[in-house]
Each structure stands twice: as structure tokens, then as C-alpha cells.
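Fit chain B to the known structure of chain A by using the hints.
Chains as they are written, first to last, in the working numbering: chain A, 1 to 330; chain B, 1 to 561.
Worth flagging that the hints you see were computed from the coordinates, not collected in a lab.
Any given hint might turn out to be false.
Here are the computed lysine to any residue pairs in the SDA-like style, where the Cα-Cα straight-line distance is at most 20 Å [stated by the list, open to error]:
(1) B/K351 x A/P69
(2) A/K330 x A/G278
(3) B/K351 x A/W56
(4) A/K176 x B/S323
Computed footprint of chain B on chain A; a stretch qualifies when at least three of its residues, placed anywhere within it, have a C-beta under 8 Å from a C-beta of chain B [said to hold, decoys possible]:
(5) 36 to 42
(6) 46 to 53
(7) 80 to 86
(8) 217 to 226
(9) 234 to 248
The C-beta atom is built at its ideal place from N, Cα and C for all residues, glycine as well.
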Amino acid sequence: MNDDASTFVAPPPHPGGSFWLPVQGSTKAPEVDSLFHFITGISLFFFVLIVGLIVWFLIQYRRRPGIEPQPSPHHNTVLELSWSILPSLLLVVMFYRGFTSYMDMRTPPDGAMEINVNAKKWSWLFTYSNGWGEPELHVPRDVPVTLVMTSEDVIHSLFIPAFRVKMDVVPGRYTKLWFNATEVGEFTLFCTEYCGTRHSDMLAKVVVHDSVAEYQQWLEKASDPYTDQDGQPRPLAEVGAMFYTKRGCIQCHSTDGSAKTGPTFKGTFGTTQKMTDGTDVVIDENYVRESILNPMAKVRGGFRPVMPTFQGQLKDQDIGAIIAYMKSLK
Amino acid sequence: MATILDPAIGAGGEDSPVDNYLTHTHGWKSWAFTLDHKRIGMMYLVGVTSAFLLGGIFALLLRAELFTPGPTIPLVSHDMYNQLFTLHGAVMTFLFIIPGIPAAQGNFILPIMLGAKDVAFPRMNLCSFYLWLGGAVFFLAALFLGGLDTGWTFYTPYSITTNTAVVSATMGAFILGFSSIFTGLNFIVTVHTLRPPGMTWFRMPLFLWAIYGTAIIQVLATPVLGITLMLLMAERIMGIGIFDPALGGDPVLYQHFFWFYSHPAVYIMILPAMGVISELMSTFSRKPIFGYRFIAMSSLAIALLGFLVWGHHMFTSGQSQMSAIVFSALTFSVAIPSAIKVFNWLATMYKGSISLATPMCYALSFLFLFTIGGLTGLYLGSLSTDIQLHDTYFVVAHFHYVMVGGTLMAFLGGVFYWWPKMTGKLYDEFWGQIAAWIVFVGFNLTFFPQFVMGSRGMPRRYYNYLPEFEFYHKMSTIGAFLLGVGLFIALWVLLKSLKSGAKAPANPWGSATLEWQCSSPPPHDNFSHTPTVGDPYDLESTVYDPKLGGYKKIASPAPAH
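So here's chain A without its partners, still in its complex pose (with noise of 0.2 Å):
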């Protein structure tokens, strides 16, 4: 496995969409793509009065000859005025059509469904409800939501191309976007402001389910992951498994003893490693449990001191499972 690829499997392209714009998922997307192809007709009039009139110019009166420049006035300020002004006027009606749309997508309507949004490098977790987090965005078709947004780290950015929705994740803060899915199936969602080494990465499935029941089901079974779906008890290194994939571990942390951003968790586990300030450490549960909670604090040499904390994020049980897991790689 090369370390640089993605690990992210994305859903395949969906069908629909023009040449410009992908398929139009969301309520908001006819107003916003209808928007686009006025402005799109209004610039290719204006491209095609200009190249032509170069090139009819350019043939018309090309130098030849014995053939001298013909005289024409210096300025025409009827002219000019008019061709100041006559476009101002279109520009009114484009700066109009994208402040309705825009006051639209930034205004959510009362009771949305709220879905919460923790952007950290490279990973995203959307915690529903019900208080269970996934690093999927999962929600009903033809009910407004409205993700609430806030970041660990650096600035991310959220941006569904389908639901022609975007909108900065600023730490320290709460932004807001909102939006009504119309198309059933899945989705991708990017990281569109840069976050550093894994920015390309930092990519995230988006499912729209066909109702509110089917999303209900989807959230219940997904909130428990120590039981399979008949509800027989999971082992712990599998839920261990789940949590090193949905929490992001796998964006830096390989399982084949391969180097990525961070260490591999493969042959790890009791071995005694240097870190950056030259000190030994023996890879042991508080070892483990200190990175995850606190990772600057005792940094493996050679890698950058870069993964951001799961303070609150995982719970003891969870760790448990993750370390499991890691015992499991030999």
C-alpha cells in the first residue's frame, strides 16, 4: 500500500447534473444553478460580441500595403456612457438574484433537524441526536437540517457539491449551514479550506435516507457498536476496528506496519520506542490512552507533532476497544 494515497472510497459519481454542474441534490440547487445559467448566458453573448468583433477587426482592417488607417473619432461619449451603463443594469439583476438566493441558504427554517459538526485535521465527526458520532453524514431526504459547525484545530471548510452548500468550520466558534436533501443515494462532502498535510483527504460520505423511519433505523443500529445487528455482543478488537476507521485513526495510522503522518499501530503494542525529546517509552494501555487524550505529550521521533486530541470524543470503553485492537496487530 503506498502511504500516500487516499484511503477514502468515494461514491461513485452520481448520474445527472450538466456539463457545469453536478447532479442537483438539494432544494437549493435549481435556484442557485438557475442563477449560474443566466449569468452563463449573459457572459457568452458578451464573449462572443467581443472575439468577434476582434476577429471580424482583425481581418477587416488588417495591415496591408499602401492601405492607410482610415479616420474615425478619437471618443464618442454617447457611446461610451451607454456601454458604462447598459451593462450596470444586468449587473443589478445578477447582484439581486444571488442576495435572494444567498439570504435563502443562510436563513434555516424553524425546527430543522440539527446534526452536530467537529472538523479536526483530517477527519470530520457528525454527532446526531441521540449523542453517537460518526465521521458519516447521514440524513433523511425532504427535511430540512442544519449543521452545526465548529472546529478543534485549524479552519476547515464544508462543502457539498450536490447540495451547492459550503461553509467555513472556524475553531473557537459555531457557524451554521442548512440545507433540504431532494435526491436519494450517497454523496460526497469536501474539506474545501486548506488544513495542512491531508487537507485532499479529509473527505466524508454523505447518505441521504428515503424517509425519517429509515433514517431512525439507520441511527439506532449505528449507535451501538459493541452489539452486531442481531444484538449478540461484538469481540472487542472488532469494535476496536470500527472505532480506528469511523474516528479518522486510519487517515494517519496504518495496520501494515507502513508509516504514514503517525506511526503504524501493526507489531506496536509492548514495544519500547524514542520519542522526539530522546527519552525511551515502552507502548503500554497508559501510553496509548495518554496519546489519544493528550498526544502532544510524549511525541514518537521522527513523526511531526500533529494529531489533534479525542478528549471527550471516546470513552474509556472506547479506548479499551482500541487498544485491543492494536494487541490484535502483531
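For chain B alone, kept in the frame of chain A given last:
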């Protein structure tokens, strides 16, 4: 006021003096300590072209890496890629585009266009060059001190937390800021005090109006960048808590400060380009520029309105809805003066005698590409469409159409236009034109696909990308290498002319501005007597003389002023 007419100059300068600024003195010290604006201009030209070469190599490495969705070329990892796009942006912006036209071409041409012997403060001028060099050294130092991976925008809090050489690079940009301020101040004073008798404000060539407008922005906006970068350094070194949210600071405040400079800086980059294009359009159409006053005033309008639109870089940053709306409205207002210029340049070609000489090829490329760059700005100024397009490749394509399609084309057009004046040599016209068309095709192939992938959702600054965007990225990469080939041919054409080019006449293109009245290359003092000032766009006052291989001035009525 009466002026003295030099017979030699009036006749087209055919008996040009043997002594010129290149041969006036010898030895490396005569260059290192020169106060001659022409030599300083040439040193700037070499400097900014080297910076452009460096930035261009970074760009080709980036594009090569993006040829496939995953890792593509050896050694370019995530971190290396992030450093490459950061350094590409920072080098191109701070070391090439900002000083490109004003400091290199402006320094050489502005005083001669004014019929002056030099700029108002020659020592300050040399100092500005060494500040540029000093800034460049800090940038190169950053390259070796752990690189730089913040993006050229240095957004907080990322730039506070990364362990790359942010302090060295921001120190470099800080020093470059002083270089820019010195140049701007010098040009403002020169235009105010050294205009020759008879050259009223509205008889100035439009290149001077553009450089003057630029200089105002340089002097007013650059200090804000300086302070902002100082605060960033203080935040990193001392943790003063202005931008760092962990210390109660506001990371978005940094974006306001940064764009308060960097949006006007966009006009520092494009205004001089517009000035060059005004000269080229008139000269190569052999027509007086159409609507002189509208063009001159639109330069000033752009310079002033450019200060009021910075918030349009921040529509998704979480700034208040009211400010987003106001900034969107103001943004549209700045579109008008640019549109006016395009229409005026078009009207200048009407009923002209249009030559497709190399500089005009670049000027026409400019017109084509800048039109696309300007029109795609409308999508970004409109609020709801910008939400979709912000921080995607659509924005990357848009500003490359304006900055490369606009400024670089004008820079190249200007270099090919003034090259005979600067060096006294004529270049190979055929290969000059071939290079220009390769550049044009390569440019469009590189950047047009980026509009499409951007509006379809491809974010910028991505090392890995989804396979659905691969087709567009492949086209873009092929285009980038074609663009590189075109630029290398252009460079080769110019360098070859130094060795084997024919001797250039004083006025090879038939322009009526003053720099074409002194010999090529100009003598040390530019003019032995203050030249007569006429209408800068009275092209009928020059006629072609096959004996000279260039144009000469015919007796025209004495200026009325």
C-alpha cells in the same frame, strides 16, 4: 512654455550616439551601484524573470503530480505538494507579478516617457531593488529552513501552528512590501514633478496613468500587509493572542487584514498590464486610443474601488450576512471600469491598420483571456453562485485567467514591445509570433478545464482527488507543459537576439510616445535636451522610412500648450 527642438531627435534619431546606457560605464560595480533607472529596470527584469522561472518550475511539478488522482511522481508526497503550491503562489505573487510590470518595465520606461533623465529619487530606486533582493533571499531561506506549507495567504490559525518556516517567509514578504512602497512613492513623485513642459495630466500616455494608479495602491495598501505580517510573526513567536482562538484571538480577523491589502494588490498586478495594453492597441492598430479620458479615469476608479471589495474573498468565512451583501454589491461596481477598458480597446482597432507583430499577438491574447477572466468574476461576485464555487478550481482558473491571461500576457507584450528600446536589438519576428500562439493555446488548455472541474466540485489545494476529475486534470497538465514550451521559445527568441539580432532603429513600431524619440538603446541621460511633447497617440506624426528600418517623426505643428 518654449522647448528646444533637437534636430537629431526630431529626425528620428538616426545618428544615434555611440554612447548608450549599456556602454556608458563598465564593470560589475557600475551595475551594482548604478543610479540609472534603466539599469535598475534591467536588473529588475532579470530578477523577476528568474523568479518567474522558479515559480514556473514549481507549477510544472504540481501539474505533473496531478496527472493521476493518487501519488504520481516520486518524492512529491502530501507535504511536498503542499509546499510546492505554497511556494508557487508566494513566489509568483510577491516576487514576480507585483513587481513585474511596474518595477521592471515601469522603471525603464516611465522616466523616458516623461522625457526625464531619471526618476525623482534615484537612490531610493536602487534601494528598492536591493530590498526586493533581500526579500527574495528570505523566501529562498524559507525554502531551505523547512519549507513553507501555509498557502501564499498564510491563513491563521494554520500558519501559527505549522512547523514550517513561516517567520522567514513572512519576513521576506514584509521586506518586499517596502520595496513595493519605495517604487510606488518614487513613481508618484516623478509623475507629479518631472513631467516636461507641455505634458498636462491628460497628455500623459495611458501607461503612465496606469502606473500612477498602481503606485497609489502600493503606497496606501502595502503598509497594511506589513502590519498584518508583523502581527502574524508576533503571534507565532510571542503568542500575543490576536489571531489564535486558543488565546482568545480571532482567526477570521486575519483574513480581513490580509485581503484588505491583497485585494487592492490584485489591481497592483492588473492595472499596469492594462496600461501596457493601451499602448500596444494604439500602436499596432495605428490609431489614437479610443476614449482616452474614460480609460485614464477608469484606472483611478479601479484603484479606489479596489479598496472596498476585500470581503468578497470571505463569503463563506462566517462573516455577517450584511457585510457579505454589501461586499457583493461593491464588487459589481468594480467590474464596470474594466469593461469600459475592453470596449475602448476594441474601438481603437476599428478602421485601423492592424499589425500582428509579436507584441500585438500578446495584446490580443490579453483581450481574449482577460474577457474570460472578467466574465467569470461575475459568478464569484454573485453571492449564491460563489458559495458553490469558492475555494474550488473555478476560482483557480478565474484568477489565472486574470493574472496570467491578463498580467503575464501584458508583461510579455511589453517586453517584446520595448525589447528593441531596452537592448538595441531586433528579435526574430517569426519565432516570436509562433511562441505567442503556443503560449495562447497552452494557456487555454491548462486553465479552461479547471473552470469545469471547479463548478463540478473539485476543491483547490488537493494532492489526491476523485477519479471523476481525472480527465480535466490530464488536459490541464498537458496544457501546462505546452505553455512551458511556448514560454521557453519566447525566452530563446529574446536571448538569441542579444547575440545575433539586427540593430534596432529608434522607433521600430511607429509609436508617438517620447521613449521612441531617443536612440535604441537610450543614452545615459535619455535626452540631451528636453524633447517636444505632442499628443502621445498622434500616430500620424510618424512615417515609415525604409532607410532606417523604422519610423521617423515628421514635422508637426508645435504643441499648443
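Taking the hints in turn, this is what the structure says about them:
1. B/K351 x A/P69: With a Cα-Cα distance of about 6 Å, the restraint between B/K351 and A/P69 holds, given a limit of 20 Å.
2. A/K330 x A/G278: Violated, because 25 Å separates the two Cα atoms, which is more than 20 Å.
3. B/K351 x A/W56: holds (11 Å)
4. A/K176 x B/S323: With a Cα-Cα distance of about 17 Å, the restraint between A/K176 and B/S323 holds, given a limit of 20 Å.
5. 36 to 42: That given contact holds, which follows from 3 residues of the stretch 36 to 42 of chain A lying within Cβ reach (below 8 Å) of chain B.
6. 46 to 53: holds (count 5)
7. 80 to 86: holds (count 3)
8. 217 to 226: violated (count 0)
9. 234 to 248: Coverage by chain B is violated for the stretch 234 to 248 of chain A (0 residues, Cβ < 8 Å).
In the structure shown, a violation is registered for the earlier hints numbered 2, 8 and 9, in ascending order.
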